[in-house]
Amino acid sequence: MNLLYTYQKFSIFQSDVTRNFQVDFAGKSVSMSFCELLSFREKLKRIDLQTHFEGADSVEILSLCNKRHLFIFDTLDIIHLKELVRGAFISMAYQNVLV
Amino acid sequence: MKDIARQELSIHIEVMDMLNDQIQKEAQSSTAYLAMASWCDQQGLENSAQFFYAQAEEERTHMMKIFRFINDNGGNAMAPATSAVNHDFTSLEEVFSDALAHEVGITKSIHKLVAKSRAEHDYATDAFLQWFVTEQMEEEQTMRRALDILKLGEKMSLLQLDERIAELNTAQ
Ligand SMILES: [Fe+2]
Ligand SMILES: [Fe+2]
Chain E
1 MNLLYTYQKF SIFQSDVTRN FQVDFAGKSV SMSFCELLSF REKLKRIDLQ THFEGADSVE
61 ILSLCNKRHL FIFDTLDIIH LKELVRGAFI SMAYQNVLV
Chain X
1001 MKDIARQELS IHIEVMDMLN DQIQKEAQSS TAYLAMASWC DQQGLENSAQ FFYAQAEEER
1061 THMMKIFRFI NDNGGNAMAP ATSAVNHDFT SLEEVFSDAL AHEVGITKSI HKLVAKSRAE
1121 HDYATDAFLQ WFVTEQMEEE QTMRRALDIL KLGEKMSLLQ LDERIAELNT AQ
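Quick mapping for you: the protein sequence lines, in order, are chains E and X. Mapping to our numbering: the first sequence position 25 is 25, numbers consecutive. For any residue, its number in our numbering is found by taking its place in the second sequence, counting from 1, and adding 1000.
No lab work stands behind these hints, which were simulated from the structure alone. Don't take each hint at face value.
The following label-pair restraints were derived from C-beta to C-beta distances [claimed, not checked]:
id, chain 1, residue 1, chain 2, residue 2, range
1, X, R1068, E, S15, 24 to 34 Å
2, X, D1148, E, I72, 22 to 32 Å
3, E, T6, X, Q1042, 21 to 31 Å
4, X, S1038, E, E42, 30 to 40 Å
5, X, M1064, E, I72, 30 to 40 Å
6, E, T6, X, R1068, 30 to 40 Å
7, E, K82, X, K1108, 20 to 30 Å
8, X, R1145, E, F71, 19 to 29 Å
9, E, M1, X, A1101, 44 to 54 Å
10, E, F71, X, S1091, 46 to 56 Å
11, X, E1140, E, T75, 42 to 52 Å
Chain X stretches covered by chain E per the calculated footprint, using a threshold of three residues with CB under 8 Å from any CB of chain E [unchecked claim]:
id, segment
12, 1007-1013
13, 1088-1098
For each residue, glycine too, the CB sits at the ideal point set by N, CA and C.
Kindly produce the complete structure, drawing on both the sequences and the hints.
Pasting the structure below:
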């Protein structure tokens, strides 16, 4: 397992053996294929934090990996997760440059 | 560490995001042209209606082209949501001038995509987009020709002008 990126209480690892990614959500780990990671990224991208700051929403319910997992995140979690995924993809892009 | 991301996804991730945005724009174009077709139909301008029905379908094929490209390359194509479009026009000229303005906007968006794929060294997407660059040029030319026809024929009746729009349908 290789660590790609850590941010606050969240981390993303990559396994060269299974070709999967592992996302640690403060205690709970979820294994994702690359495709599932992409869709997780897309779901985060579509969350408009502005609605949180305007007080309309304060929690987000995210279903991951084709509804295998269900998470409830607060505003701060979402900010951290957006940063986590951004960092992980940058870290992967750097692999591309280094190899 | 293996470069799994690169092995799974042949295109640059941020370029993929922009391609997904472009999918939405093509879908939005299709809806906008459908509204224009409907207006023309209601005015009894059959040739113009036919022209915009064909445009609406063409925009959908543009959308599908990008959609397939993303998924074929390991990405995550997103089915687009479209927002409300304008159904009210005061003249046929206004319809075509809106259509031209719309196409110019789409051209700019395609050019931004080309610039981004080059900046990220995503030459596969760059090559894929060349078809769209040419297509946009042709679409702008068609809309401009329609506007020329309408301007030339200020003394003609609306139905006579619609007859001349038929020339564009055969040229397409
Ligand atoms: Fe188009
Ligand atoms: Fe178009």
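Going down the list of hints, with the structure as the test:
For R1068/X and S15/E, the Cβ-Cβ distance of about 30 Å falls inside the hinted range of 24 to 34 Å, so the restraint holds. Hint check: D1148/X to I72/E, Cβ distance near 59 Å, so the stated range 22 to 32 Å is violated. For T6/E and Q1042/X, the hinted distance range of 21 to 31 Å is not satisfied, since their beta carbons lie about 60 Å from each other. At roughly 33 Å, the beta carbons of S1038/X and E42/E sit within the given window of 30 to 40 Å.
Distance hint for M1064/X and I72/E: a CB-CB separation of about 36 Å, consistent with the stated range 30 to 40 Å. At roughly 36 Å, the beta-carbon separation of T6/E and R1068/X lies within the given 30 to 40 Å, and the hint holds. Roughly 28 Å separates the CB atoms of K82/E and K1108/X, a value that falls within the hinted 20 to 30 Å. Our hint of 19 to 29 Å for R1145/X and F71/E is violated, since their Cβ atoms are close to 54 Å apart.
For M1/E and A1101/X, the hinted distance range of 44 to 54 Å is satisfied, since their beta carbons lie about 53 Å from each other. The beta-carbon spacing between F71/E and S1091/X, approximately 53 Å, falls within the hinted interval of 46 to 56 Å. The given range of 42 to 52 Å is respected by E1140/X and T75/E, whose C-beta atoms sit roughly 44 Å from each other. Coverage of a stretch by a chain is defined here by at least three residues with a beta carbon nearer than 8 Å to that chain's beta carbons; for the segment 1007-1013 of chain X and chain E the count is 3, and the condition holds.
Only residues whose C-beta sits within less than 8 Å of a C-beta in chain E count toward coverage, and the segment 1088-1098 of chain X has 0 of them, not enough to reach three; the restraint is violated.
Violated hints, listed in ascending order, are 2, 3, 8 and 13; each of the other numbered hints is respected by the structure.
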